[in-house]
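Engineer: Based on the provided sequences and hints, a complete structural model is requested.
Protein chains: 2
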Amino acid sequence: MGKKGKTAITPTRAEDYPEWYQEVVKASDMAERSPVRGCMVIKPWGYAIWENIVRELDDMFKATGVKNAYFPLFIPLSFLEKEAEHVEGFAKECAVVSHHRLEKDPEGGLKPAGTLNEPLIVRPTSETIIGDSFSKWIVSYRDLPLLINQWANVVRWEMRTRIFLRTSEFLWQEGHTAHATKEEAIERTQMMLQIYAQLSERFLAMPVIKGSKTPAERFPGAVDTLSIEAMMQDRKALQAGTSHFLGQNFAKASQIKFQSAAEIEEYAWTTSWGASTRLIGGLIMTHGDDDGIQLPPRIASSHVVLIPIIRKPDERSKVMEFTENLAKELRDRFYHHRRLRVEIDDRDIGGTRGWDWIKKGIPLRVEIGPRDIAENSVYVGRRDKPHNIKESINREHFVKKITSILDEIQSTLFEKALLFRNDHTISIDDKKIFYDFFTPQNQAKPEIHGGFALSHWCGSDDCESKLKDDLTVTIRCIPFDKEDKEGNCIYCGRPGSSRVIFAKAY
Amino acid sequence: MGKKGKTAITPTRAEDYPEWYQEVVKASDMAERSPVRGCMVIKPWGYAIWENIVRELDDMFKATGVKNAYFPLFIPLSFLEKEAEHVEGFAKECAVVSHHRLEKDPEGGLKPAGTLNEPLIVRPTSETIIGDSFSKWIVSYRDLPLLINQWANVVRWEMRTRIFLRTSEFLWQEGHTAHATKEEAIERTQMMLQIYAQLSERFLAMPVIKGSKTPAERFPGAVDTLSIEAMMQDRKALQAGTSHFLGQNFAKASQIKFQSAAEIEEYAWTTSWGASTRLIGGLIMTHGDDDGIQLPPRIASSHVVLIPIIRKPDERSKVMEFTENLAKELRDRFYHHRRLRVEIDDRDIGGTRGWDWIKKGIPLRVEIGPRDIAENSVYVGRRDKPHNIKESINREHFVKKITSILDEIQSTLFEKALLFRNDHTISIDDKKIFYDFFTPQNQAKPEIHGGFALSHWCGSDDCESKLKDDLTVTIRCIPFDKEDKEGNCIYCGRPGSSRVIFAKAY
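Chains S and W are the protein sequences, given in the same order.
For this note's numbering, add 330 to where a residue sits in the first sequence, where the first one is 1.
For this note's numbering, add 330 to where a residue sits in the second sequence, where the first one is 1.
In case anyone wonders, no lab produced these hints; they're calculated from the structure.
Just so you know, not all the hints are guaranteed correct.
[Claimed, not checked] Anything over 12 Å on all C-beta distances counts as not near chain S; from chain W, calculated:
1) Q352
2) M390
3) N579
4) K648
5) E654
6) E697
7) D714
8) N724
9) H727
10) F744
11) K761
12) P770
13) L784
[Claimed, not checked] Chain S side only, calculated, beta carbon under 7 Å to chain W, not exhaustive:
14) V366
15) V371
16) I372
17) Y377
18) A399
19) A425
20) V427
21) L432
22) N483
[Said to hold, decoys possible] Which bits of chain W does chain S cover? Going by a derived footprint, with three or more residues having C-beta under 8 Å, they are:
23) 373–387
24) 412–425
Yeah, the Cβ is synthetic: ideal placement off N, Cα and C, and Gly gets one too.
Structural biologist: Structural data, given as structure tokens:
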């Protein structure tokens, strides 16, 4: 709640969730729309979160033997066509490069010239171009496993876009591995999903459910797609990372072969796995409130802002000296193996500084005025508490305690998100209840529905697609953690295996 | 020199320098050509160097207040047209996106569909698209300076490409800043050039000359372009980083205006500055020898490889235990604020392991066999010494000494490169000597010529362009460090200012 009982963000989540999201992104200064259709500009406060995600994931990948490399932005059309399901899946949203220069047109402007013999596709994902390299790099079983990751931009020409969640260009990592055996490739697929789950839960404070996709929801060309699914505050699901077991499909398409120890030529077994800037959208929708975003400390752009309070010019030097000394001392400290990130906001803009940082979601705000200095204390506000609850803390004590305060905020955010998800996840065995669960109770707020339904499914594409048509509900995943009890399909009533997660999704 | 007096790389530098370069890139496993015209695949050993460059530059940028952000890959054609010289400079080498999907053609293949209303250009550089954001972000003098950097891929459709040195797609950073005053913008332009010089000299061990470009060699649209220039082993110059003072040209093109403290609306003063994967090409051509690349320790993909020597199966567990313990101990140590990077090569491929690592340029090779273990020693080869000179060093002593050995190698590489450059840089005042200096003495080796000539220049585009036509020689820069003595233009004999650097260049 803002001053006078007003919230900093209008509309509130309850009033209009989709609009609230756009406003939070704007108010937090994390990103904005660009003049290029569907593309975003990631501003420093948002990009810093991505840098932190990159750092954590990169360390986790490397600890499992993965190495980074870089492959071309462009994919020849003929490469994309090598795997039939794959090209089918991406053909509708490809940016196509057709020319390689500009020349003067009769009106004095410029027009494309130098037509390419073969059109190039701006990579929507890189299985086919990386597969070509793998086919050259891999000769014998000694070259396996090959564990490669790429940090890159990709383009999928989306028709309806939303900042971070679905943009025509986004930043991501895509891992690609090749193995001598099916078992090893499956193990790698699971291992990388586990890493995404760790990133989500331990760093983004975003609880996730791990599971397998149904055939209809798989990555085009994959044998199996694993995903992590999170619940947003409008109770919709967000797929926050996927890991694909590709079998030998792409190995056959790209001729990735190796000579086995028994000197037999075999196709390799491959995997691919990715996570993107979409995670930042998930972060906002998991932890944002009606005053803006809340950043989990372990991934926050910055941990603490120091706000010097200077009412008279002659107070300035003393207050600034205290502030800068404190900043220096804090920056020398570590929080989870990274240095503390500290801002000083000495802008001369009156009383709105605190609210700017609340909207930006910084975990801690520290006000420093002459009276605090006289008492050798600082006046601390936490983003996970109401804005008007601030605490005076002895300066040395604060320096000593700051990392445990940050850990406390991190846990609070996770626990709150977990509670929310559990509150809105129920087992449903009755078709009418299921339909009611996913039918908005208030026509003015079509986004409000039940949440995640755990129900049985017979395994048929048909039932899945009928529910999608009727309710815009999909099977998010067949969770790994489940009771192994059979039951009747929620749609057709035929016997089905253990419960799957149904939800509306981003 | 390799075994039996042969070198590991064929041809040698003296035999065929351009071909030697291609072979070194291949033998070091750093990168390779891709199936996409002019694009490269950066393999893990090469990409690790880029990661190290990114880390060092990023830290240096941030220490000066720069923040990272990310802008769209695509630039609307109309944006590029906003600055006349700029679009002129890039029109001949633009990748143009014309369509946003693929559809089935009558023969069953796919063809581009969904024509875009306005073609999009894949960014060759981002002044115009970032300028658009700046025009919205900057309102008052309080928003200045705005100091932004982007790590990104860019595309310039080059006709003749060479891995790392000139590729259609490359990785780089581009910094863009806006300031309230001309003086401050010029200061920033110089500051960033200084950072590039530090990276080159202190990390890449590549001595550079700092200076200003002549008007003919400026970035399209810049008022002044500063550059660092290095000498390669074929005595040609490589431009290794540039920093541009853009005056108010791009501010006017993109309407980047601010209200001054005196409440007057003014155009901002902007700069841009970039360094790219081209630096890796410079590294190879500065330090490579006829056995492969030599990596300066402070930027090396890895510092040391441990090579266990196992001749009988029953020696294995003991040798591996010793090796892994040593690796662990080394990885716990720091070298210039980064952890030591350690490889273990236990491939069962006979005696070629050492040579593989020589070609890859790792600073230190450590052989570990049962006899070494019995003596508690390791058998160490340094890349900056001949391959057959190895030294037995007490294990504990080696662990203690390794960082000073690495520093010694770093200095040796820099000193050697500096000596080479100085040996091939001379002051020339006579036109005939100048022409001889740049005329190959041996027609079979057209690449061998004098090096850098320090000569006077009258300042006319005409003399500059005549020398370019006659000798393919350009003015690399007007160096900052110079004797301030006037003299006669090396081409026309008219009075000229202090000496400039003439050279053939990449």
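Engineer: Non-interface claim for W:N724: all C-beta distances to chain S beyond 12 Å?
Structural biologist: With a cut-off of 12 Å, W:N724 remains clear of chain S, as the shortest Cβ separation is near 31 Å.
Engineer: Would you check whether the claim that W:N579 is not at the interface survives, using Cβ distances to chain S and the 12 Å cut-off?
Structural biologist: holds, 19 Å
Engineer: Compute the least Cβ-Cβ separation between W:P770 and chain S, then decide whether it is above 12 Å.
Structural biologist: holds, 33 Å
Engineer: Does the claim that W:D714 lies off the interface hold, with its Cβ farther than 12 Å from every Cβ of chain S?
Structural biologist: Per Cβ check, W:D714 is outside 12 Å of chain S; nearest 26 Å; holds.
Engineer: Mind verifying the non-interface call on W:L784? Its CB should be farther than 12 Å from each CB in chain S.
Structural biologist: With a cut-off of 12 Å, W:L784 remains clear of chain S, as the shortest Cβ separation is near 37 Å.
Engineer: When you look at the beta carbon of W:K761, is every beta carbon of chain S farther off than 12 Å?
Structural biologist: The claim holds: W:K761 sits with its nearest Cβ about 38 Å from chain S, beyond 12 Å.
Engineer: Is the nearest CB of chain S more than 12 Å from the CB of W:E697?
Structural biologist: Fine: 21 Å to the nearest Cβ keeps W:E697 off the interface.
Engineer: Holds or violated: S:A399 as interface residue toward chain W, Cβ cutoff 7 Å?
Structural biologist: holds, 5 Å
Engineer: Checking a non-interface call: every C-beta of chain S should be farther than 12 Å from the C-beta of W:F744. Is that right?
Structural biologist: Nearest chain S Cβ is 27 Å from W:F744, so the label holds.
Engineer: Quick check on S:Y377 please, does its C-beta sit within 7 Å of some C-beta on chain W?
Structural biologist: Holds: closest Cβ of chain W sits about 5 Å from S:Y377, inside 7 Å.
Engineer: Would you say W:K648 is clear of chain S, with no C-beta pair closer than or equal to 12 Å?
Structural biologist: holds, 24 Å
Engineer: Are at least 3 residues of the segment 373–387 of chain W within less than 8 Å of chain S when you compare beta carbons?
Structural biologist: Holds, because 6 residues of the segment 373–387 of chain W bring their Cβ atoms closer than 8 Å to Cβ atoms of chain S.
The structure agrees with every numbered hint stated previously.
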